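**Q** So you can see what is in the structure, the chains are spelled out below.
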Amino acid sequence: MSSFENGWALTLIVFLPAVGAAAVLAIPKAQEEAQKWTALLFAGVSFVLSVIVAFQFDYGAADKIQFGPDSTLTWIGAINSNYAIGIDGISLPLLVLSTFMTVLSIIYSWNHWPEPHNPKVFSALILVLATGMAGTFVALDLILFFVFFEVVLLPMYFMIGIWGDRNKVTIPVLGMETEMRLYAAIKFFLFTLFGSAFMLLGFLALYFKSGLETFSMISLSGGGAERGLEGLAVWVFAALFLGFAVKVPMFPFHTWLPDAHTAAPTVGSVLLAAILLKLGTYAFVRIAIPIMPEQSQNWAPVIGILAVVGIIYASLACLAQTDMKRLIAFSSVGHMGFVMLGIATLTDIGINAAIIGMVAHGIITGLLFFLAGSMSHRYHTREMARLGGNQKLLPIMGGILGFTAMASLGLPGLAGFWGEFLSLLAAFNPLDGLSIPLFRTLMVIGAVGTVLAAGYLLWMLQKVNFGEPSDEWLEHEMHDVDGYELAAWVPLLVATLAIGVFPKIVFGATTDAVSEMVRMAFGG
Amino acid sequence: MIINQFLILGAALFSIGVYGVLARRNAVLVLLSVELMLAAVNINLVAFDRYLQDSIAGGQIFALFVITVAAAEVGIGLAIVLLIFRNRKSANVDELDLMKL
Amino acid sequence: MSSLLAFAAPLLLAAEDGAPKEFSDGGVLAEWAWLIPVVPMVAAFAIVFIGKRSPWKGWGLATGSMAFVMIYGAILFISNLNKGITYEGSVAIGEIGTDPYGHTLGLEWGWMVDGLSIMMYLVVGLVGFLVFTYAKGYMEGDIRYTWFFASFALFGGGMLVLVSAPNLIQLIVGWELVGVSSYLLIGHYWEEHENSSAAIKAFLVNKVADVGLFIGAIIISLSVGSFRFTDIMAVIAEGDSQSALARFSFWAGVAIFIGAMGKSAQFPLHVWLPDAMAGPTPVSALMHAATMVTAGVYLIGRLFPFYNTEFFADDTRYIIIIIGTLTLFLTGLLALVANDIKKVLAYSTLSQLGYMVTAMGAGAYTAGLFHLFTHAFFKSLLFLGAGSVIHAVHSNNMSDMGGLRKYMPQTFWTFLIGSLALAGIVPLAGFWSKDEILASIQYAGQNYTTAQGGAELANFVLVVAILGAFVTAFYMTRAVSLTFFGEYKGHGHPHESPKIMTYPLIALAGFSVVAGWINIPGVIKWFTEALEARFLAPGDHHPEAINFGLAAIGTVAAVAGIAIGYFIWFADRETQKERDKFRIPVLYPLLEHKYYIDDFYMDGIVRPLRGPVARAVDWFNGHIIDLVINGTGWLAVRIARVTYWVDQRGVDGVFNASAAATGGTGGLVRLLQTGRIQQYVFLIVAGTVVLVAGFIIF
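Chains as they are written, first to last, in the numbering used here: chain V, 6 to 529; chain R, 237 to 337; chain E, 24 to 721.
So here's chain V without its partners, still in its complex pose (with noise of 0.2 Å):
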């Protein structure tokens, strides 16, 4: 086996990013150039190594950890915690996927720069952000995955912080008035700190009490530990359940959500739509399931309900929305809950519904952030009240939000609906032992929530596409979309397309890997 798949190109995909902050932050302030194309120069090796991982990859054993390191290398021995790492079809679109955006988002900042200004720490920031989303994807370990778990939040942190909304707000209940940035940064971090310092009990838990005494998730994985922790089970389970569930975010957690979209410059919102509320539902699917089925089980209705709760209050709460990027974050919400109800099924269709929809989401909302984003950066408002006729004035931009909009409501053929199909499809006959009524009802709400969907989406497209353009822009001159936007969006836009029409790209990967991962841990 060659040292390429023998963990160097994972670990090369994972660290690149990182050294090639290092090497932006080495590059004097004033050469911007040199400072972009560093960045872009580290990201897009990382993205290449991690297509021709792809391409590598052995689909027929899908289900098989890949790519790892032969022998087990320690990292921290006292602790029995060791560099394990390695990817399965499970986590192989997400790590594509990872990589991928970190390069559209370095492409798109060519000329979008947020003030203040400062490339040089903003490309710093993403290129560690991407060594943390690409780390958690490929982490096998409890502790090394919750290390890159957290490093995302520092980076994102900064980003909204200082580069974030400058308006002021007035928080409710507080009564305190202060920069969105400001509340929503320190929101965020709060948030997810707080989640998951609750998973970190968990994982040590898992060490200490399951008797096994390792962090190796595939170790743990099969029910063994579940066993060694006897009663203690619901309560690990309980605190997995909450560091996950405010990272994905599902209702009631997911409040810091908003905001933190809100606030944060386009590119931060981007990743943190495409890559980062994925790490919550990932973590479901690669740790919560394999290691905990039997309290998966007894945890699922909660799962569900409250999954199909946020699908309709989120859509809802869209109804409501004055502002467009708030509006995309609150459809965040409701998509994920598409995602957490196929995961709740425990089935593998379930679960392959939820990797399809995770990806799904990662392109199309991460585009929608995008569009959001270079509309705000021309208007100087994202009040749709004051928008409206941008089809008139922009019409490239106006039909590539028009199009990204039907793929967010789930359109067929395009790549938002077998997440949001599929689940449904698996909440009719979830697993066995779980309650078939509850389900199904979860299944008629859940669908009902398409058409809620389908409202906001198509009421947002009325206001800001639609109509006349107010007499306010006229005078302006507008720009319709740039060579960098364009650079950046296309390639989502084909594959938006392209997962919508043959979604093999994702379930080639995903299915046998999932399959063998719901019988491991259900049997059957």
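A few of these clues could be false.
[Stated by the list, open to error] Straight line, CA to CA, 30 Å or less: simulated DSBU-like cross-link-like pairs of lysine-lysine:
{"id": "1", "chain 1": "E", "residue 1": "75", "chain 2": "V", "residue 2": "397"}
{"id": "2", "chain 1": "E", "residue 1": "366", "chain 2": "E", "residue 2": "522"}
{"id": "3", "chain 1": "E", "residue 1": "522", "chain 2": "E", "residue 2": "512"}
{"id": "4", "chain 1": "V", "residue 1": "397", "chain 2": "E", "residue 2": "80"}
{"id": "5", "chain 1": "E", "residue 1": "548", "chain 2": "E", "residue 2": "106"}
{"id": "6", "chain 1": "E", "residue 1": "80", "chain 2": "E", "residue 2": "522"}
[To be verified] Far from chain R, by Cβ distances over 12 Å, these chain E residues were calculated:
{"id": "7", "residue": "48"}
{"id": "8", "residue": "216"}
{"id": "9", "residue": "303"}
{"id": "10", "residue": "504"}
{"id": "11", "residue": "515"}
{"id": "12", "residue": "591"}
{"id": "13", "residue": "659"}
{"id": "14", "residue": "678"}
Rather than coming from a laboratory, the hints here were simulated on the basis of the structure.
Quick caveat, the model's predicted, so the values are computed rather than measured.
All residues carry an ideal CB built from backbone N, CA and C; glycine is no exception.
On the provided structure of chain V, position chains R and E as indicated by the hints.
**A** Frame of chain V, contents of chains R and E only:
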């Protein structure tokens, strides 16, 4: 006993010296009074030396040391007083509270 | 597939002529039929990207693709008449896992070539081609000419994806593609808020119905363990009353029918269709004739054995009949008060769709689809004729028309033929199909059990259907009178439309005359035989001969409608609105407000949801959930302040106090240091004296 007279003389001289140090305002006179006190000590040293029949005459040797040191001390002391007088146009010790700093 | 035919064999044996029907697989022709949906879809995309530089700015590509479909469809139709074709091709696009029964569920794209889909290919291709041709004249000079043809090609392509679907997933894909392209086309003039609202309404009403389709598709496919129609039909052919599909069939049947109600605009989900007139007239023509509204009827046709087999969804049929009957009668009445000529036609479409659905519910597969077939021709003809009129007078309102037969003779004559065909006058197309529907309902009334619709119900429905035929003739007479007779009431000088618009009218008028002749009971059975080419025979009843009694009653109803209409409206010179109030007493306010259904939807559902409910949720989000979050933050800050106070005053106090004590003492002691040597000496002496005194005393 013969030593008593010497001791009384020493005590008297010392007391006069103390009185001079405490009462006189002129720095030169204060110095002179200090010399008186040293002289009183010298008398005591020599007197005890003889009285105790010291085999190596330590008392007398100490007296010589004291005289030497006193001479040096007066030299430096007068020089300081002179400098103070030059700077301050006065040698009145009441006005000299530089040590308070 | 061969195992499937084995399942189907017993039913095939039961077919009319008693001998097993053999079908061919269609050979190369069927193998390449995937081009039928793909060509228009590719054309649609091509027009988006290179349309402005292509010949005729996109019209060429769009119409070319439709011409291709028309020719391919015609060839298939003819060879299907020779010998029935049943063929199914597919390409796997991913597996999604296994269901609890161990079936591996796979996703596929595919193409179905059988009697039903071939008929639809022909209708879509033929009507599409003519409408596209007409649109070149109608849309000349439009601001988004190229974009219009891109959406239009997508509309046709989406319908063909739907029609060619061999599995439920692809059907849903095509279903929604039709929905989205109708959204684009209805909202074509999106500068006006009304138009984009109509587009959204169409999309959302359809989306509501799609919930039904989704759920129905999920139930059926998971019960069967496959998305393929052939697998579903195989389960039905077994006829096992204990199979999973049989157990869920009632709910699945209802859910699927709800889906069909959306696209086929059945009462009470019909509200989007009249508003959909906001789009350009060719869109209405295509939408009402060949694509979109026929999808629901097609869907029931595709799943017909499911609805027509005992133990399966046959117990949902009375629901279908009731809905269809309500639609055919209630919406027909609405056409009586509409002033907009396109709305008159829209309500008439609703009414005719009601006929088709009623027929399907009565178990008359061929009759329902035959009406779909003939209706496609005369309804597109009527819409294109209306478009031609609108093109000439620049208004949709009949109060601005009148007397146009003198100015636009070709439009007038073709429109008249279309109206007569719609009214069901012998020997035009509508007569044959409507008569067959009436006969089928009568048959259902005589033979079906309660579960399948019920005899009394069917007899009642028959009466309503005949009344409906009267109403149809009545409102068409009104439309023709107000538009073409009397004095011209509009502005300017109307003139006949260009040839590119009138030739399609003439062609369609020709089809409106002859289309019915391919299925004359007892004489020509081409259409019936063509539609029988299915993997599983639909198993419906065909009348053996013309039922002269029913035909006479139907014709009398239609003629009566025309006659009464003639006396009331013919040669009327004035605006109709005020008079309609007298002519249709009591009902008028109800009809004027469209039975208040729209008002109910808007004020009862949409506005509350978008307004108070949404705001309440948003408020809840900001004030209740965030109350916990921000409250925690607030509490943390308060606790922190207390802690800080304790820290500053308590913990730090100890250290500060000792420091202060040290400082104070130092301040006191420092008083001793005067700097006066004499004082020091005094103190030394005094101290010595005290010490000496102490030694002496103690």
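**Q** Now look at each hint and say whether the structure bears it out.
**A** Okay, the hints, checked on the actual structure:
1. 75(E) to 397(V): Between residue 75(E) and residue 397(V) the Cα gap is close to 17 Å, so the pair holds against 30 Å.
2. 366(E) to 522(E): Measuring from Cα to Cα gives roughly 26 Å; hence the hint holds.
3. 522(E) to 512(E): Roughly 25 Å between the alpha carbons, so the hint for residue 522(E) and residue 512(E) holds.
4. 397(V) to 80(E): holds (20 Å)
5. 548(E) to 106(E): holds (13 Å)
6. 80(E) to 522(E): holds (20 Å)
7. 48: holds (119 Å)
8. 216: holds (89 Å)
9. 303: Non-interface label on residue 303(E) holds, nearest chain R Cβ at 103 Å vs cutoff 12 Å.
10. 504: Holds, because the least Cβ-Cβ distance between residue 504(E) and chain R comes to about 123 Å, which exceeds 12 Å.
11. 515: About 113 Å separates residue 515(E) from the closest Cβ of chain R, which puts it past 12 Å; holds.
12. 591: Per Cβ check, residue 591(E) is outside 12 Å of chain R; nearest 125 Å; holds.
13. 659: holds (53 Å)
14. 678: holds (30 Å)
Taken one by one, the earlier hints all hold for this structure without exception.
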